[in-house]
Amino acid sequence: MTKWLETHLPKVVLAPSFIAVLVFVYGFIAWTAWVSLTRSRLLPRYEIEGFIQYERLFASPRWDTAMNNLFIFGALFIIIAMVLGLLLAILLDQKIRTEGMIRTIYLYPMALSMIVTGTAWKWILNPGLGIEATVKSWGFESFSFDWLVNPDFAIYTVVIAAVWQSSGFVMALFLAGLRSVDDEIIKAAQVDGIPTWRIYSAIIIPSMGPIFMSAFIVLAHLAIKSFDLVIALTGGGPGYATDLPATYMYAMAFSRGDIGQAASSAMIMMLVVFAIVVPYLYSELRAKND
Amino acid sequence: MKRTAFAAVSAFAFMASNVAVAEPQAEVLHWWTSGGEAKSVAVLQEEFASKGGTWTDMPVAGGGGDAAMTALRARVLAGNAPTAVQLKGPAIQEWYEEGVLADISSVADANGWADVLPESIANHMKCEGTWCAAPVNVHRIDWIWANADVLEANGVAMPTTWDEFNAAAEKLQAAGVIPLAHGGQAWQDATVFEAVALGILGPEGFRKAFVDLDPDTLTSDGMVAVFDQMRKMRGYVDDNFSGRDWNLATAMVMNGEAAFQIMGDWAKGEFLAAGKVPGEDFLCQSTPGDGFLYNVDSFAMFTVDGDDKKAGQDLLAELIVGQNFQKVFNLNKGSIPARVDVALDEFDSCAHTSSEDMNASSANGSLLPSYAHGMALRGAQAGAITDVVTAHFNSDMSSADAVQMLADAVANSM
Chain U
1 MTKWLETHLP KVVLAPSFIA VLVFVYGFIA WTAWVSLTRS RLLPRYEIEG
51 FIQYERLFAS PRWDTAMNNL FIFGALFIII AMVLGLLLAI LLDQKIRTEG
101 MIRTIYLYPM ALSMIVTGTA WKWILNPGLG IEATVKSWGF ESFSFDWLVN
151 PDFAIYTVVI AAVWQSSGFV MALFLAGLRS VDDEIIKAAQ VDGIPTWRIY
201 SAIIIPSMGP IFMSAFIVLA HLAIKSFDLV IALTGGGPGY ATDLPATYMY
251 AMAFSRGDIG QAASSAMIMM LVVFAIVVPY LYSELRAKND
Chain R
1001 MKRTAFAAVS AFAFMASNVA VAEPQAEVLH WWTSGGEAKS VAVLQEEFAS
1051 KGGTWTDMPV AGGGGDAAMT ALRARVLAGN APTAVQLKGP AIQEWYEEGV
1101 LADISSVADA NGWADVLPES IANHMKCEGT WCAAPVNVHR IDWIWANADV
1151 LEANGVAMPT TWDEFNAAAE KLQAAGVIPL AHGGQAWQDA TVFEAVALGI
1201 LGPEGFRKAF VDLDPDTLTS DGMVAVFDQM RKMRGYVDDN FSGRDWNLAT
1251 AMVMNGEAAF QIMGDWAKGE FLAAGKVPGE DFLCQSTPGD GFLYNVDSFA
1301 MFTVDGDDKK AGQDLLAELI VGQNFQKVFN LNKGSIPARV DVALDEFDSC
1351 AHTSSEDMNA SSANGSLLPS YAHGMALRGA QAGAITDVVT AHFNSDMSSA
1401 DAVQMLADAV ANSM
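Protein chains in written order, with our numbering: chain U, 1 to 290; chain R, 1001 to 1414.
For reference, chain R alone in the conformation it holds in the complex:
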């Protein structure tokens, strides 16, 4: 205890001295460029400036971060990395292995990050024991959204098992409503797939399959059942789903054309932006089954030269995990704060559910990383699984073939 206190004090003193000598500088590479996201980043920018720092913004839009990653690669190869970069999941460790990430343990220890972040999320922010990234938010993936009026008109309740879901979907289909609003893009197929997999395999099976890539689990009967359910889901989607963007699918639920959508909680932003009220106009619930799949956005800190830049990095890390930014940012973005001690008074009921479930699942070990959103696996492995999922969903491949293909693809991606 004494030692931690000493470490904390000395770390703080070290930081304070840095701040005193050099004006904090930070160059931040991110791809939050759309309306609500840009507003969220501006909050951080203002806070940084009010502490005397100079923020150099480096937004790179396009390709869901692909363009930003290309820019990052060029900067790192040129030996001139930005101070902080929007990175997430195992990509953080992948960059650490290239030897370009900085150690921000002093800030983390001084601010007691270990005590306020759920353990499995904190582990993503560490590189071989030292802190190298700061978490911004927690998106939940395994949500099922529904149009309240459509459900009521057809006498359907929110499903709590996949069998109930199937029964509800068939009832809706018979009534002429599209049961599942879905966009035929590979990542959306993967999003539905992992929600189904979590429900059918259970949290432990999900971890074995998509975190440990255990070959026995990947070829198990449970996995065949997952693909069987996916085949059913294919039948609940309208004919015109190919290539549709997720927000158009959300709009279908909003205007009553479709009943359900399985999508992360950024979909909530669409409902709220259209003036819909959670619990009245639309319903949110976790997809059938236990567990919680998270997608945590974070900033990884790259090695930089110069006291001013290091001071900027430390200040940035402190602000990102700070209570104020965590609250304001997540109110704008529709996610929930990564730290568990932020007051949620201003958040809506879906965010409350999300936060309660996160704490509960963190306690019983079912707080799991999303594979479809690059939290559980590296790009090559996650991509290989998505290829199989989307190939199965968009053809008449049998579940047994899909399972075999899945095992081969994972082995081939190593």
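Chain U with its partners taken away, still in its complex shape:
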């Protein structure tokens, strides 16, 4: 009996969570996939009708906008947050005296919820209340900064707010990475008289590959899931200029009683996530097998 327990205990302990994940993650993915093939409206129906919901989805200009926004927002958000985070981390790494305090200050935005960030930036960027009004009140009457209410630029305000929120976190990640690089190598390079920027670009940053990967994965899933920030900052507006796939799905499922359409958009969102995560998992697994 004890022997049996010894060999099977891990499986017994893991079984409940395994079953829960099987049902609540993969089970519901399968359910959503099924519903996305039906003509469900208010309540789910189960007669399969083919790919009609996907045809409707790809014919919808609003979905086009949402996907474009996802790519603009995702690319800019990930790149800017990583570059800014790395820069901050390198500057902090110069053994300055108040590092502890500055690190805390830069990390704090991460402690705020996206709703708070969105609301604060909504007021800051509002042309009648925030930056534009302030600069105008200083006497620069022609100053204009109306991105928030300009449909062509509104998506970039979402990028600004998201970068503000996340770059401190990325900085912390990179800082840990910088510190984990073997001191001996750096000292050896310094003895050889190699300039600091070369040490960073040729030794430290290349040895931080895994950190880049985790930062990328964390930021990418934040970008794809982004919902609350857009709702708080622009409400998807002006018009639907800042709609993202997640807000599109929410509108279809909960405001319009169009569950089939919502399910098909959810499936596409999942495929986008897969397209990013699967190559990563694949490379990880291959690295382990080698």
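Calculated directly from the structure, the hints in this document are not laboratory data.
Be aware that a few hints might be false.
Claimed, not checked - With a straight-line cut-off of 35 Å between C-alpha atoms, the simulated DSBU-like cross-links for lysine-lysine are:
#1 R:Lys1126 to R:Lys1208
#2 U:Lys122 to R:Lys1232
#3 R:Lys1232 to U:Lys136
#4 R:Lys1276 to U:Lys122
Said to hold, decoys possible - With the C-beta cut set under 8 Å, the calculated list includes, among others, these residues of chain R facing chain U:
#5 Asn1240
#6 Gly1243
#7 Trp1246
#8 Ala1391
#9 Ser1395
#10 Met1405
Each residue gets a CB set at the ideal place from its N, CA and C atoms; glycine is no exception.
Following the hints, put chain R in place on chain U, whose structure we already have.
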């Protein structure tokens, strides 16, 4: 005649017997949770309790009813629907098609609903001929509100055509007043759009376009003209309108920053709450053009088990359409009673205008459901139209493109 009388008597007897056996129970799902609205619901609650019933309140706030609908969906899927649910427009028929609505024809016939409700409103309360919902109020959508002092100071009269409106707006703009107070939220864009559409297309054209979704009307020259007018309206709005809530826009009219607002009669509540007097401080008038766009709140009755719950449902339906509740509720909410035989002595002048116009338009067939507030179309179609309206209003899209997009979006939403 004899048969109706017999039906009425037997229905009443049936109801009375029910009441005698079981204590009426009602669980009511609604999203009237803000100050004035909550007070209005409490009136119904008290009345229900005074008739010996037990009321279980189920308020679900948030998202303009979205959260309540999610709760309803969960309850219905679990096979445990509430007795009555705040639902309106074609959503009632949509739920009926899911097979979960009850038949309250006995109450309706016993109380002669058919005689006291305008026909087009009564039709919303019926599911394939039987009564399945009870109307609470009538909000008018096509109102134009104005600051009386601002109009007087600039020598502008209330406009009766859209050309007059444009002329007035340009005059006001030149004088440094914001002509139109507006909040850039999709539903507010849609509210202005449908008021413009009613004026330009006329009641018949409006019905064809937004009730029947007739493709020819949707792509007609009239529709291009509607979008042209919307483009002009965009110019009369201040730069800072994006995302503004409707009540803040109302406040702009109140404090003289802006001259006009196009909004349903819940805006009146804001004026009255600030102590403004209709006809003196602010003016109300229907938007240019004929017709009347209504938004009728109602309670749909869901199928429930047990005599006590059925008795509660019948009692609730009777009270909702009863004279007393219709009067007290609508005095609180700023709308007008759905039944036409309620004395309006205590109501203000705007409500009188609204009531007279409703009766007149009901008689000549121009009493029409509001598309922007979910009375004319199902969610998917109404949403598709709103997407186009708000995309056009918030960009420099041409009217011809917008009309083409409108037709495509409607076809795609089916």
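To see whether the hints hold, each was checked on the structure:
no. : hint                   : verdict
1   : R:Lys1126 to R:Lys1208 : holds, 22 Å
2   : U:Lys122 to R:Lys1232  : holds, 27 Å
3   : R:Lys1232 to U:Lys136  : holds, 27 Å
4   : R:Lys1276 to U:Lys122  : holds, 31 Å
5   : Asn1240                : holds, 4 Å
6   : Gly1243                : holds, 5 Å
7   : Trp1246                : violated, 13 Å
8   : Ala1391                : holds, 5 Å
9   : Ser1395                : holds, 5 Å
10  : Met1405                : holds, 7 Å
Going through the hint list in order, the structure does not satisfy hint 7, though it satisfies all others.
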